[in-house]
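**Student:** Starting from the structure of chain C, add chain E where the hints point.
There are 2 protein chains.
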Amino acid sequence: MADTFFYSPGIRVSQQLPEQESQHCVKVLRMKEGDKLTVTDGKGFFYPCTLLQAHPKHCIVSIDEEIPRPKSWDFTLHIAFAPTKNIDRIEWFAEKATELGVDRFSPLLCRFSERKELKGERVEKIVVSAMKQSQQAVMPIIDPMIPFRQFVENPFTGRKFIAHCRPDPNKMALAKTCRKGEDALILIGPEGDFSEEEVQQALDLGFEPVSLGENRLRTETASLLACHTIHVLNAR
Amino acid sequence: MADTFFYSPGIRVSQQLPEQESQHCVKVLRMKEGDKLTVTDGKGFFYPCTLLQAHPKHCIVSIDEEIPRPKSWDFTLHIAFAPTKNIDRIEWFAEKATELGVDRFSPLLCRFSERKELKGERVEKIVVSAMKQSQQAVMPIIDPMIPFRQFVENPFTGRKFIAHCRPDPNKMALAKTCRKGEDALILIGPEGDFSEEEVQQALDLGFEPVSLGENRLRTETASLLACHTIHVLNAR
Numbered sequence: 000m001a002d003t004f005f006y007s008p009g010i011r012v013s014q015q016l017p018e019q020e021s022q023h024c025v026k027v028l029r030m031k032e033g034d035k036l037t038v039t040d041g042k043g044f045f046y047p048c049t050l051l052q053a054h055p056k057h058c059i060v061s062i063d064e065e066i067p068r069p070k071s072w073d074f075t076l077h078i079a080f081a082p083t084k085n086i087d088r089i090e091w092f093a094e095k096a097t098e099l100g101v102d103r104f105s106p107l108l109c110r111f112s113e114r115k116e117l118k119g120e121r122v123e124k125i126v127v128s129a130m131k132q133s134q135q136a137v138m139p140i141i142d143p144m145i146p147f148r149q150f151v152e153n154p155f156t157g158r159k160f161i162a163h164c165r166p167d168p169n170k171m172a173l174a175k176t177c178r179k180g181e182d183a184l185i186l187i188g189p190e191g192d193f194s195e196e197e198v199q200q201a202l203d204l205g206f207e208p209v210s211l212g213e214n215r216l217r218t219e220t221a222s223l224l225a226c227h228t229i230h231v232l233n234a235r
Numbered sequence: 000m001a002d003t004f005f006y007s008p009g010i011r012v013s014q015q016l017p018e019q020e021s022q023h024c025v026k027v028l029r030m031k032e033g034d035k036l037t038v039t040d041g042k043g044f045f046y047p048c049t050l051l052q053a054h055p056k057h058c059i060v061s062i063d064e065e066i067p068r069p070k071s072w073d074f075t076l077h078i079a080f081a082p083t084k085n086i087d088r089i090e091w092f093a094e095k096a097t098e099l100g101v102d103r104f105s106p107l108l109c110r111f112s113e114r115k116e117l118k119g120e121r122v123e124k125i126v127v128s129a130m131k132q133s134q135q136a137v138m139p140i141i142d143p144m145i146p147f148r149q150f151v152e153n154p155f156t157g158r159k160f161i162a163h164c165r166p167d168p169n170k171m172a173l174a175k176t177c178r179k180g181e182d183a184l185i186l187i188g189p190e191g192d193f194s195e196e197e198v199q200q201a202l203d204l205g206f207e208p209v210s211l212g213e214n215r216l217r218t219e220t221a222s223l224l225a226c227h228t229i230h231v232l233n234a235r
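Quick mapping for you: the protein sequence lines, in order, are chains C and E. Counting in numbering that gives the first Met the number 0, the first sequence runs from 0 upward without gaps. Counting in numbering that gives the first Met the number 0, the second sequence runs from 0 upward without gaps.
Worth flagging that the hints you see were computed from the coordinates, not collected in a lab. Just to be clear, a hint being listed does not mean it is correct.
Each pair may be met inside one copy or between any two copies, as identical chains are not told apart.
Below, simulated DSS-like cross-link-like pairs (lysine-lysine); rule was C-alpha separation at most 30 Å, straight line [stated by the list, open to error]:
no. : residue 1 : residue 2
1   : 115       : 170
2   : 84        : 26
3   : 179       : 159
4   : 170       : 84
Predicted model, so just to flag it, every value in this text is computed and none were measured.
With the rest of the complex left out, here is chain C (with noise of 0.2 Å):
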């Protein structure tokens, strides 16, 4: 399997690479016809191809083989966060987190967020990047920005946890409460974090008090180490 990945979700069927890959293949790796390729479908597939058509806007490929590469754990996770005011720091969590192994990505939009509107188009580039960097064919869901109160009555099937920085007696360690297998959903505020409101609303709807550890973390820390508790205690 060629190690020159590229990401088209409608592969199977369109046999084309979208126009940034297209771009990426043509100028930047100056692929040309009869070159080997690897595509994914973002959907659990990789597809080693032949370039028929070194188009600089839409590459055509020849797909020679279907690999099903599933996602390498087997539980759901799922975080929310409020993104940043620096975009870097944001971008770089969607890019730890998908290297990790995330399945769905939603921003929040709090009380305290710094940040009110968020480009999904950036982010889903990272994702992309990071995915392919990482060899996994499964694309992770990046929702569009959600209200907290909005996005915490969403149902969801799994331990369901909000990581706070409030005095909470019954705040429990996200690594001694959650255990092996359990699909997770967990909650991490902004910077200011989340109001009192907030963190009451999601204890009423069954989200878990949590922490991350001892010391001060910045939100996009707390976020990458959240989802990589999930991938250590799902290790053991």
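**Tutor:** Chain E alone, transformed into the frame defined by chain C:
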């Protein structure tokens, strides 16, 4: 305790802030005589202080109190890694690992290292600000870059692990083999991995081969997640 933190290794004796911290105090934060600040010596103490002289190069303070603040983990975590070509990736690893809690950083010069030298000052700057931001009072040790062979021959009391990507029947998941309370030294290789010879040298010297998960991780991601794995195991 005032939450404007400063780092001054010699505070107890000198009752001064170093040049850079003085600059930050006077020029950036515009602090004035009589203002309260918190200084850490990086050796496990916070010192609530009062600013006596707001000098742009060497602020003089009076120590009002001495508050012991030992590190929040009761094991030794030593990470040795081959720095990436891209300095930003090293710097974010240093920042995140410090927020999380690490005792010692050792940059390695490996056969396939893309980066042959590393400016200690830049990394130290990042580590200091991460230590302050996460309100810790113990400064991690930052070693100068050291050749792989020389490093692995140093003694270490505790478990020694090498995370390499070569096929190895004896490899175990770090999360499965390391146990709570154990001191750990973990080696993380360059993008091109450790050489076969380096892996063999480490194994001969008692390093245990480990993996960090299913997915292929970037050097800096692997380094951070290796550190976090140890913390998660210790939370259980």
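**Student:** Hints broken by the structure, by number, lowest first?
**Tutor:** none
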